[in-house]
Amino acid sequence: MHLLEVENLNKRFGGLTAIKDLNFNVEEGEILGLIGPNGAGKTTLFNLISGFLKPDSGKIKFKGEDITGNEPYKIVNKGIARTFQVVRPFRHLPVIANVLVALKSARGSKKIEWVKTPEAKALGLLEDVGLSDMMLESAGILPHGDLKRLEIARALATEPELILLDEPFAGLNPIETELLTKSINSMHLDGHTMVIVEHKLYALMKLAKRVIVLHFGEKIAEGTPEEIAKNKKVIEVYMGRAK
Amino acid sequence: MATTYLRRAYSSFAVHILDIPPRLLAFLMFLLVLSLPVTKPTEHILLLLIQASIMAIFACSWDLLVGRTGQISLGHALFFGLGAYITALLWFHYDLPVWVTIPISVLIVTGLAPLIGFPCLRVKGPYLALVSMALPIIVVSLISYFRDYTQGERGIAGLPGFFPSLPYGQRFVAEYFLTLFLLLVSSVILYRIANSRTGIVFVSILDDELASKACGINITKYKLMAFTISGLFAALAGAVSAHLLASGRSVTTASLDANLSFMVVIVAIFGGIGTMYGPIIAAYILQLIDQYVLVKIWNVPSEYHMLLFIIVIIILVLKWPRGVAKFVTDELDDLQEEREIEERGKHIWKRYRRKKRSPTPEA
Numbered sequence: 014m015h016l017l018e019v020e021n022l023n024k025r026f027g028g029l030t031a032i033k034d035l036n037f038n039v040e041e042g043e044i045l046g047l048i049g050p051n052g053a054g055k056t057t058l059f060n061l062i063s064g065f066l067k068p069d070s071g072k073i074k075f076k077g078e079d080i081t082g083n084e085p086y087k088i089v090n091k092g093i094a095r096t097f098q099v100v101r102p103f104r105h106l107p108v109i110a111n112v113l114v115a116l117k118s119a120r121g122s123k124k125i126e127w128v129k130t131p132e133a134k135a136l137g138l139l140e141d142v143g144l145s146d147m148m149l150e151s152a153g154i155l156p157h158g159d160l161k162r163l164e165i166a167r168a169l170a171t172e173p174e175l176i177l178l179d180e181p182f183a184g185l186n187p188i189e190t191e192l193l194t195k196s197i198n199s200m201h202l203d204g205h206t207m208v209i210v211e212h213k214l215y216a217l218m219k220l221a222k223r224v225i226v227l228h229f230g231e232k233i234a235e236g237t238p239e240e241i242a243k244n245k246k247v248i249e250v251y252m253g254r255a256k
Numbered sequence: 549m550a551t552t553y554l555r556r557a558y559s560s561f562a563v564h565i566l567d568i569p570p571r572l573l574a575f576l577m578f579l580l581v582l583s584l585p586v587t588k589p590t591e592h593i594l595l596l597l598i599q600a601s602i603m604a605i606f607a608c609s610w611d612l613l614v615g616r617t618g619q620i621s622l623g624h625a626l627f628f629g630l631g632a633y634i635t636a637l638l639w640f641h642y643d644l645p646v647w648v649t650i651p652i653s654v655l656i657v658t659g660l661a662p663l664i665g666f667p668c669l670r671v672k673g674p675y676l677a678l679v680s681m682a683l684p685i686i687v688v689s690l691i692s693y694f695r696d697y698t699q700g701e702r703g704i705a706g707l708p709g710f711f712p713s714l715p716y717g718q719r720f721v722a723e724y725f726l727t728l729f730l731l732l733v734s735s736v737i738l739y740r741i742a743n744s745r746t747g748i749v750f751v752s753i754l755d756d757e758l759a760s761k762a763c764g765i766n767i768t769k770y771k772l773m774a775f776t777i778s779g780l781f782a783a784l785a786g787a788v789s790a791h792l793l794a795s796g797r798s799v800t801t802a803s804l805d806a807n808l809s810f811m812v813v814i815v816a817i818f819g820g821i822g823t824m825y826g827p828i829i830a831a832y833i834l835q836l837i838d839q840y841v842l843v844k845i846w847n848v849p850s851e852y853h854m855l856l857f858i859i860v861i862i863i864l865v866l867k868w869p870r871g872v873a874k875f876v877t878d879e880l881d882d883l884q885e886e887r888e889i890e891e892r893g894k895h896i897w898k899r900y901r902r903k904k905r906s907p908t909p910e911a
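Residue numbers (the numbering used here), protein chains in the order written: chain A, 14 to 256; chain B, 549 to 911.
What the hints contain is simulated information worked out from the structure, not anything from laboratory work.
Just so it is clear, the structure is predicted and the values come from calculations on it, not from any experiment.
Hints are not guaranteed to be accurate.
Claimed, not checked - Derived pair list, reagent style DSS-like, types lysine-lysine, alpha-carbon separation capped at 30 angstroms: (1) B:LYS844 / A:LYS87; (2) A:LYS67 / A:LYS91; (3) A:LYS129 / B:LYS672; (4) B:LYS898 / A:LYS91; (5) A:LYS91 / B:LYS588; (6) B:LYS769 / A:LYS76; (7) B:LYS769 / A:LYS72; (8) A:LYS123 / B:LYS769; (9) A:LYS67 / B:LYS672; (10) B:LYS769 / A:LYS87.
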């Protein structure tokens, strides 16, 4: 059984077709890359899976269960967490409280017996992403790279089985990219399944074993990073037609 | 010269105040207000303080909903008025004693709050504010429609007081302590809720609803929770105030009035939204300005009273946009920082002097 199945998914905004007859599966334990030019429908796809948008038709199944059109918080509590392309921290709250919010969710609070308090667990999660030093700082003053990692800590707090990372490397400098790659790798070793949308192909190709290419809401290619890099259609989409 | 010394004295005083833990400070302030009747104040002052305590409970409840959860309510008098009316009706029709009617009334309003909140929280921001403003108006028109049962615009007068056995003069003192006790209990409970893990979720809804959803939070549930808790304490304030000698032991539709709804907004904004303790301080300050400074000291004629009061509030809000409480804490932080910089400056200056005195190798 596949962890996530997307069947004949369609979504349009007025006259614009954002997702058109999309089919793909995510296997347990893999890192799936999702690329495509701007406006290809990658973020829309994430919004559909995580319940922030309702599809016009088609089905999304998680572990065999139909989750199409469920409320976002229900989907999180089933085990799909997401991060946002533009960081959305709780700016008035301290860093550790940002994680505590996620630990207050039905799923995050359920799996907590083995640590004494949610605070202890939050601290552990912050240590994993390297933010434990500034746990009492207000999240509003953190630099962008730290906020990206805070988003990941927050997503991990809900004990997800599938994590959707929306452009985790956007706006990061090389050192921050390195740090984040490390934490994503360690998350992968911990057994988290991930779907990553990314424009920075170099960073993505190091992580993903399988890549799907979207163009105007349609899947135009699928395969290993090497295959994708050689695919004529993909090169055409990114570079334009060769003369 | 004198000003420098004054400034230094003030700054060291402020820094020492800052060193006192907030809990102790709150306790000291509480002792101060507790010992106030020892000075034998006039009835007018007691009355004013009793009303301020009621307003403080009411403003605190508003602050939990708006300051922490961000659900703007401009009709919070709804809960206040419902609490007051239900206790009055229970007495009027069933002749129950005060100690029974108030808890029942608070319980009924607490039960109603989620029902009221559910349609309210379907809308957001300005629309929510509009809907919440409309609700007390609906209740007022219902009250006039069922005038046989509710006495309509005449209201219900002659409610039983809290301390019928005490002589008249001492009742005010007793009521003062009663309201103070209620204020203490409810503000401690509200403060603890606001700073609990649930309170953190409330703030996350204020900050970013979408991100809160993405954290797996059922935001409707938490909004309703905030609505209900807030309604409970507002109803408590309303129900208690209906029986107070200080408020004439009567209930009219004025308890559902927009004036009251706006007053609570003014109090909370003036005190500092989201601080939970700001509104308490503000309730006392504004009550003093409104009923004492303007009336007794400046002898403002009643027709200009409201006008002057509004002008005073506008000036205060312009001067301290983040509220009195935030202004004071910010000022203290600044002083602390200034002092640290001054210390560091002295240190550098000493090093500089030493360097200058010692012969340099070049020379």
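Structure-based check of each hint:
no.	hint	verdict
1	B:LYS844 / A:LYS87	violated, 59 angstroms
2	A:LYS67 / A:LYS91	holds, 17 angstroms
3	A:LYS129 / B:LYS672	violated, 37 angstroms
4	B:LYS898 / A:LYS91	violated, 64 angstroms
5	A:LYS91 / B:LYS588	violated, 64 angstroms
6	B:LYS769 / A:LYS76	holds, 27 angstroms
7	B:LYS769 / A:LYS72	holds, 28 angstroms
8	A:LYS123 / B:LYS769	holds, 17 angstroms
9	A:LYS67 / B:LYS672	holds, 20 angstroms
10	B:LYS769 / A:LYS87	holds, 13 angstroms
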